[in-house]
Amino acid sequence: MPRRKPGPARARARPMGGVPPRRGSRSAQDPVTGGRAVARPGSVTQAPAEASVANGPLVAAEAVQKYFPLRRGLFARAAPGEYLRGVDGVSFALPRGSSLGIAGESGCGKTTLARLLLRLITPTAGRILFDGVDLSALDGPALLAFRRRAQLMVQNPYEAINPRFTMEQALAEPLVIHGIGTREDRLDRVIAALAQVNLRPADAFLDKYPHQLSGGQLQRVGLARALMVDPIFLVADEPVSMLDVSVRAGVLNLMKAIARAR
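Take the sequence shown: its position 38, counted from the start at 1, is 115 in our numbering, and no numbers get skipped.
Don't read these hints as lab results, they were simulated from the structure. In this text the structure is predicted, and so the values were computed from the model without any measurement. Backbone N, C-alpha and C fix where the C-beta goes; we use that ideal spot for every residue, glycine too. Honestly, I wouldn't trust all of these hints.
[As the list claims (entries may be wrong)] Label-pair distances were calculated between CB atoms; the ranges are:
#1 Asn233 x Gly178: 17 to 23 angstroms
#2 Asn132 x Asp262: 33 to 39 angstroms
#3 Ile309 x Asn239: 22 to 28 angstroms
#4 Ile198 x Pro218: 46 to 52 angstroms
Using the sequences and the accompanying hints, generate a full structural model.
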């Protein structure tokens with residue numbers, strides 16, 4: 078694809094009039110974020126259109142937009158012709174084996190973009206390719222297979238884990254959903270995962286509930302849970318913003334170490 082000239086940054090989601098562009102529309106201009114290491118408004122990295130799936134990027138966003146209809150009140154219908162721009166014209170390419178950071182102020186659409194990348198919501202316009210396949214086209218078994226290859230690490234560790242689950246249950250759940258291993262195999266995987274995120278001795282954490290762990294410990298469990306099904310794509314939505322400054326570096330260093338090892 079030709080490189081487009083960056084336009085002014087769109088920092089905050091804001092109301093707009095008119096009709097949102099249709100899915101697949103190429104009318105969006107001025108990419109919001111992109112880049113190889115840290116993406117900032119006004120820069121874009123795109124893969125050439127002729128790149129093959131094997132040699133192309135793992136993830137590619139092409140002029141992605143997500144607009145939300147505005148509502149007048151709690152029970153009111155959406156205001157006709159008025160929308161909130163959650164994401165507006167995002168394009169980037171993520172090579173295999175690399176990392177991409179999205180930087181921006183609160184409300185600029187980072188979490189919305191994360192949800193789009195994981196097909197939790199679909200774009201209003203543009204498209205997201207994963208391994209050369211348009212995510213919007215996935216459903217049924219194909220979508221479940223994608224869920225195994227792409228995982229999420231959320232911002233608030235206390236909302237990420239079911240409060241009624243022990244750590245063993247929380248970590249084994251992704252394996253159960255995807256039908257991986259026997260009960261004994263899953264227990265072995267859970268113990269290995271706890272050790273990988275430096276929660277040792279692992280046996281001491283198996284029967285603990287979320288309220289019995291610190292924020293840093295629980296975020297490590299969240300990382301372990303995201304890696305249980307051995308994904309090739311991990312989206313971390315501000316994974317240390319809810320943690321004390323004293324433990325942030327430890328979690329980030331752990332994530333870097335695991336990424337290097339994989």
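Checked hints:
Remark: the range hint 17 to 23 angstroms for Asn233 to Gly178 is upheld by a beta-carbon distance near 20 angstroms. Checking the proposed 33 to 39 angstroms range against Asn132 and Asp262 shows it holds: the Cβ atoms sit about 35 angstroms from each other. As the Cβ distance of Ile309 to Asn239 is approximately 26 angstroms, the hint placing it in 22 to 28 angstroms holds. Remark: the range hint 46 to 52 angstroms for Ile198 to Pro218 is contradicted by a beta-carbon distance near 21 angstroms.
In the structure shown, a violation is registered for the earlier hint numbered 4 alone.
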